[in-house]
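If you want the building blocks of each chain, they are given just below.
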Amino acid sequence: MHDIIVTTGLSKAYDQKQVIHSLNLRVEEGEFFGFLGPNGAGKTTTIRMLTGILAPTGGTVTIDGHRLPDEREEAVRSLGAVPESRGFYEWMTAEEYLAFFAELYGAERMRIDELLAATGLADRKHALISTFSFGMRQRLGIARALLNRPRILFLDEPTIGLDPQGQEDIQRLLRKLNRDGVTIFLSSHLLNEVSSLCTRIGIIDKGRLIAEGTLAELQTKSKMKGGSLTDIFLRLTGGTKS
Amino acid sequence: MTRATTIWKKELRRELCTWKSSLWLVIASLLLSFTSYLLLTNKELSLLDQTELMWLLSKVIIGIALLVVTIEASGMIAGEFESGTAESVLLTPISLWGFVKGKFLSVLTLWAMLFVVSLPYIIVAAAGSGETLAFLAYAALLGTLVVIGFTAFVFALALFFRSSKNTLTTSLVVLLALAAPALFSGTLKSGPVLQTMSTINPIENVFAALDYILVDAKFSLLSNIQYLVPLLIFCVVTLLFLGYAVRTVSRQGVVQHE
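For the record, the sequence lines run as chains A and B. Counting from 15, one number per residue, gives the positions in the first sequence under this note's numbering. Counting from 491, one number per residue, gives the positions in the second sequence under this note's numbering.
The set of hints was computed from the structure by calculation and includes no laboratory data.
Okay, derived cross-link-like pairs now, DMTMM-like style, lysine to aspartate or glutamate, Cα gap no bigger than 20 Å in a straight line:
id	chain 1	residue 1	chain 2	residue 2
1	B	499	A	110
2	A	239	A	226
3	A	237	A	226
4	B	591	A	87
5	B	499	A	109
6	A	139	A	104
7	B	708	B	621
8	B	499	A	104
9	B	591	B	505
10	B	499	A	117
11	B	591	A	117
12	A	139	A	109
13	A	139	A	117
14	A	139	A	183
15	B	549	B	534
16	B	499	A	122
Chain A extracted, bound-state conformation (with noise of 0.2 Å):
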């Protein structure tokens, strides 16, 4: 097993205000990485730098052995991601709307029918994506992620919003998605989420990361040997439970 997703030093910085400081991180392949923070803490902003999509101002991104930005299309190629703004084309089917980014990415179209069954909206695929529920556009959110076979998966908050039965559908989607060797990076606020799917947590706080390890080194760092992941993350975010 290899470090696929690598920073080294990864800082952002706004005018004069520093938002992520110095942030190194390693994650290695197969591995369900969860990325945990209060809001505002730089969670989207860490994803969007490692997506490619924003630039760091210092430090370096590296995406299965592809360096950011210089080799940003190689790096896009190993990763699908499913970012926190969500906009859709409204006036496409979600059929058009894969074939559309299929196209983009060079992917085969039988590979759309194929995710539109395995996200559970093969029944809906000429319906207009106008007409779709929060739960049915995240889970075509994440058919388009993946419709580039990713070795990386990157997912900001893909559950907010769904209803129990919706989390649960799209949970056992990542875990199989796992099971099947993609690495998976998921922002999430929901720590029930994050403890029961993710191998590795790690805790930013006011864009600095300030812890990093499996839930039971999580427990020996913030003295909370036993603890749930919500009273070690307030604790170490500075929260009530101390």
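Guided by the hints, dock chain B onto chain A, whose structure is given.
Only chain B this time, still in chain A's reference frame:
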């Protein structure tokens, strides 16, 4: 080019699937019909020489095209950033330059569609004058040049602003500022400053070239070089501005901090 073509095809489908493009074509044909009706029935206008009438019509065609293209181009890129679709598209292997190229092709297609709508009016207006081909060729050439220049300018603004409203407002102000002097007669443009402005103004150059071609029957490209060169310079400058915008945005990252 393949990925740019995918964007272009998507834009064409949007134009065909939604009412917007058809509405523009209907508005253009209504305006052209209204102008033609005025030219035939209005007491003073109907007394115009045929070549003067053709010149007036060519100005209306290019004026409508510029207005439509400016409005459409203002939302084409900025709208994708506002709705969040640009982020998904730019997460694929397409470059920002490829994305912009695809959009550019669709604006040129819209101009071509508007030109096709104006064809019957051009043919009828120029019938019997012996200038039909010159009218068609120069309206197409000059219109294409000025559309390229304006689209590049509007796209560059859209990349910097990421807001349809700001892009549209600024673009329309610039369009108005360039179009307004073109409506004044030459005697009002005395003094070196106004004359220089007049020489570099792309819209004035288009109208002056059409006057020279249609009214004065100067058909060769060489005899119109004094109008074509400033137009070409305008295109090069705006394309460079667009290139700068693409480079800057690519370097900073295609998404902005909220």
